[in-house]
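Dock chain B with the ligands against chain A, hints included.
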Amino acid sequence: MASRVFHTEGITKVYRTGNVEVHALRGVDAELFMGEFTVLLGASGSGKSTLLNILGGLDSATAGKAWFRDKELTAMRERELTRYRRDHVGFVFQFYNLVPSLTARENVALVTEVAKDPMSPEEALERVGLSARIDHFPAELSGGEQQRVAIARAIAKRPEVLLCDEPTGALDSKTGVQVLEALDRINRDLGTTTVIITHNAGIRAMAHRVIQIADGGIADVVVNETRIDASEIEW
Amino acid sequence: MRALDKKLVRDIRRLWAQSLAIAAVLAVGVMIMVMAFGTQRSLTETRDTYYERSRMADIWSGAQRAPKSLLPEIAAIEGVARVEARISQFAILDIPGMDDPAMGQLLSVPAGGVPEMNVPVLREGRFPEMGKENEVMLALAFAEAHGFGPGDSFAITLNGQKREVVVTGVALSPEFIYTIGPGSIMPDDQRFGVMWMAEDVLAAAFNLSGAFNSITLGVTRGTDLAPVKDALENILKPYGGTGPYDREQQVSNAFIQGELDQLDVMARVVPPIFLVVSAFLVNMVLGRLITLEREQIGLLKALGYGDAEIVWHYLKLSLGIGAIGVLIGWGAGYVLSSVMANIYVEYFKFPYLVFMQRPSVYAIGAAAGLFSAMLGALLSVRRIARLSPAVAMSPPAPTRFRRGIFDRLITFFRPRQPTMMILRSIGRWPVRAALTSFGISLSAAIIVAGLFMFDSFDELIDIAFVQANRQDAILDFAIPRPESVLDDIENLPGVMVAEGALTMPARLYHEHYSRTIAVEGYREGNRLVRVFDGNERVDVKPEHGIVLAERLADHLQVRTGDMIEVEFLQVDDTRHKVIVTGTVSQFFGLSAYMDNDNLAALTGRAPQMLMANVVIDEAFEKELYQAIKDAPAISGITLLSQVRRGFDETIKESAGITLTVYTFLAALIAIGVVYNSARIQLSERARELASLRILGFTRGEVSYILLGELFILTIVAIPLGLWIGYGMAAAMIESFKSDLYALPLIVTDKTYWRAALVVAGASLASALIVRRRIDRMDLVSVMKTRE
Ligand SMILES: Nc1ncnc2c1ncn2[C@@H]1O[C@H](COP(=O)(O)OP(=O)(O)OP(=O)(O)O)[C@@H](O)[C@H]1O
Ligand SMILES: [Mg+2]
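Chains as they are written, first to last, in full-length UniProt numbering: chain A, 1 to 235; chain B, 1 to 787.
So here's chain A without its partners, still in its complex pose:
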């Protein structure tokens, strides 16, 4: 059995706004494995992003524990979390989040300049099929292209885990497939553990593992015996 990359025990997250309390996560116990392509599914507001953010060291839990390998994320201070994000994690967001004043290459360089053993920005962009757009500013790229730059930026440091929050959410089906293919290829070629949040149930067929979130907890975990290719996904 593959070794665990992440596991959590009773992760709880409560947001307080004024005197209203929102229980985003209610005691989640989850496991994610090395090299796997995992899909997080769930209704809007069910707590997917919250879980992913805690795993990525972007947010803290109200209670419970989370580990990356044998390191306890929930015990880390801000400085260690920064270190952790810098060394181990790649993020892809729904709205790309590119720096508008930097070109595609420079957006990737933002990461390669601070990473330990990065690939070159050119190579990263090559992997997502964007060699031809290397000196374009974000405003000069289509949505799908921007998202692929974001993926290139996320993988350029050869992260152990790639966390993607609705990477295809803002894209049409054709470009969405292109983005998924890029992610799938990286997962296969580099063995990067990949977690994707999506609302698109069709994507579950290409995952090793599908985790269903409902109302702040894990409702179901399915392990696929066979996976389909990204290009075969019905949108």
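Calculated directly from the structure, the hints in this document are not laboratory data. Be careful, since some hints might not be right.
[Said to hold, decoys possible] Pulled from the structure, derived: some chain A residues nowhere near chain B, Cβ distances all over 12 Å:
{"hint": "1", "residue": "33"}
{"hint": "2", "residue": "223"}
{"hint": "3", "residue": "229"}
[What the hints assert, rightly or not] What follows is a list of derived Cβ distance ranges for each label pair:
{"hint": "4", "chain 1": "B", "residue 1": "357", "chain 2": "A", "residue 2": "132", "range": "51 to 61 Å"}
{"hint": "5", "chain 1": "A", "residue 1": "72", "chain 2": "B", "residue 2": "272", "range": "30 to 40 Å"}
{"hint": "6", "chain 1": "B", "residue 1": "272", "chain 2": "A", "residue 2": "126", "range": "52 to 62 Å"}
{"hint": "7", "chain 1": "A", "residue 1": "185", "chain 2": "B", "residue 2": "292", "range": "30 to 40 Å"}
{"hint": "8", "chain 1": "A", "residue 1": "185", "chain 2": "B", "residue 2": "371", "range": "45 to 55 Å"}
{"hint": "9", "chain 1": "B", "residue 1": "359", "chain 2": "A", "residue 2": "72", "range": "53 to 63 Å"}
{"hint": "10", "chain 1": "B", "residue 1": "272", "chain 2": "A", "residue 2": "23", "range": "47 to 57 Å"}
[What the hints assert, rightly or not] Mimicking DSS-like on lysine-lysine, the simulated pairs with C-alpha atoms at most 30 Å apart in a straight line are:
{"hint": "11", "chain 1": "B", "residue 1": "737", "chain 2": "B", "residue 2": "750"}
{"hint": "12", "chain 1": "A", "residue 1": "116", "chain 2": "B", "residue 2": "6"}
{"hint": "13", "chain 1": "B", "residue 1": "750", "chain 2": "B", "residue 2": "541"}
{"hint": "14", "chain 1": "B", "residue 1": "577", "chain 2": "B", "residue 2": "737"}
{"hint": "15", "chain 1": "A", "residue 1": "116", "chain 2": "B", "residue 2": "237"}
{"hint": "16", "chain 1": "B", "residue 1": "316", "chain 2": "B", "residue 2": "6"}
Positions of the beta carbon are idealized from the N, C-alpha and C atoms, including for glycine.
Just chain B with the ligands now, kept in the frame of chain A:
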């Protein structure tokens, strides 16, 4: 270059107009610092070197006639390193081609050929030689004013004997770097000049052989001057000593010191205003940038950049702006310093002007500039650390508007919706609105503080030369005369009224305070010179007591009704108890007034006069001048009409420049604040405004919503600024107060209006620039961009 640095450069380029507006405000702060500190240091150094090299005296005293045999005793006073006795006299001059008489202060050159102290620096020719009755050496200012050089000649009346003298040389003196005649307040090099003649010649003319009437002392470094002055005073008392004074009261030095103090005040007061405003602007612009880029900041954090790296990135932006400001400030400061140097060369007669551009001054300017940029930045980048990456990545919640008291208040008035939006926006960010208003108000304050001086001068002239002094001229006598001499004066052609004035050097005591001044005699019925209170505009009679100038009363810590003691320096040691019967606000000198008869009773001497005040019939001016040039008893003349004219001219000259400079400075602040605020508002509310445009609002209506807020803030800022300006003016008046003069605190409506109009104009101009942006706003692209 690193990717983040590329972002930095592109950010600065994108924000160039705002960055430049901030940099310009900052530059002014740095410029004035560089200029004022640099000039102040150069001037101080020049003066100190000059004093050192020419052995400038530390203590001076006059006497009526003191024997030279006193010198060993004076030299033996503890701490005295050098003594020089000399003859100092005033004389009427008859200059070819000049109708009105000029006045000269004659100083003796000792037998050695060159004075040992206050050594004149020869510019041309040579010193006058012993025994040469017709040789005179001129001070440069006077020589230049008349185009005199060696070989030229004019007439001089020495103790009633008119003689033709020939110029042997031209020199500068450390005692007369700034030269003003007695009774004057402005240099008039045409009518008053310093000159030197051989000691034996002057001694013969003034009957002072083997004697002196002026003495200068040099002390060893670190000597306490007070005991030396006391000892000197005691020695000279039997010989009509006029009371020793030191450099603080020496006129030329006091004026230079006044100039240095002004530069100091300028360097300390003005730059901070500009630096604070620029810090505020940096804070505002950077704060907005961080709000705009919160997702990018969140992203950088998600990518593993630490807080420190991200904070440093934004600090570099402000440092960039700071650096641009410092560079501009350095350049402008450099130029301004040399302009100032030229002005000083014109006003002050130094043999050389040590005008170095000091690296330390530039370093201080740079440090202050960068510090304020950093300060402004630090207050806004604090937010970066608090921004959690997960929150930063999600779009900000719509700004929460609350129904507070302020809101209820504005809804009560039921304004139209656009006005409602303006008022809500102010109520939502009250601190920002207050700071913006404060920033704009400083612009108005600077104008008031910069220009009120002219109002004060106007008042001063009115009081000193119209209300209090109504004579056309003051005639000085070489030696004290009895009152009967007034008949002779009135017999001079053209003299319509003549009144005598008597002064007696005296020391006033109260508790442990004391002050050496000249008590002026007051004669009931005199019309020409009034003991006049500037504030109340009333005459004050000394009656049986003494009336003090307010600043003198402050020095002595006395009020009307208190008793003080008066010792007449030329009479004896007796301290007479005298009651203070009143105080008057006066702007020149430290005066005290007593009734003539009362003075005579106290001192046991009949009132005698040193000066006569006269009213002249203009039709006989020429005849009068001729008569005065030939009159043996008159050693000097001050024409008040000339003093007034000189003063007016000097003020008019500088008024234009000052007005331009301060208008420029104030406009810079107003534009910097208003333009940046408007740009930030535009960036924050672009979507809202674009939506309104799509809903069918006109450009004018939309601009009103955006600029209306700034309009309101400016309206609030103006009275606030006028008030702050008044406070600054009052503080300046207080800090410029000296023994020589004080200025009345007057700010006229004209100045207030000027300040208000400049600020309103500058605000309007910046609003219009931003208005053009609103007009050209591309609705589609604004709506498409996500915030
Ligand atoms: N900063 C916050 N403050 C208050 N409540 C929050 C905050 N962030 C998330 N929540 C709440 O926590 C719950 C879970 O949010 P989360 O973003 O994890 O949902 P999600 O599953 O990612 O939803 P979606 O599919 O819409 O992205 C929601 O009810 C949301 O309203
Ligand atoms: Mg989500």
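Now the hints, each set against the structure:
| no. | hint | in the structure |
| --- | --- | --- |
| 1 | 33 | holds (23 Å) |
| 2 | 223 | holds (29 Å) |
| 3 | 229 | holds (30 Å) |
| 4 | B/357 / A/132: 51 to 61 Å | holds (55 Å) |
| 5 | A/72 / B/272: 30 to 40 Å | violated (51 Å) |
| 6 | B/272 / A/126: 52 to 62 Å | holds (56 Å) |
| 7 | A/185 / B/292: 30 to 40 Å | holds (35 Å) |
| 8 | A/185 / B/371: 45 to 55 Å | holds (52 Å) |
| 9 | B/359 / A/72: 53 to 63 Å | holds (55 Å) |
| 10 | B/272 / A/23: 47 to 57 Å | holds (53 Å) |
| 11 | B/737 / B/750 | holds (25 Å) |
| 12 | A/116 / B/6 | holds (21 Å) |
| 13 | B/750 / B/541 | violated (35 Å) |
| 14 | B/577 / B/737 | holds (29 Å) |
| 15 | A/116 / B/237 | violated (91 Å) |
| 16 | B/316 / B/6 | holds (12 Å) |
The structure fails to meet hints 5, 13 and 15 from the earlier list, while all remaining hints are met.
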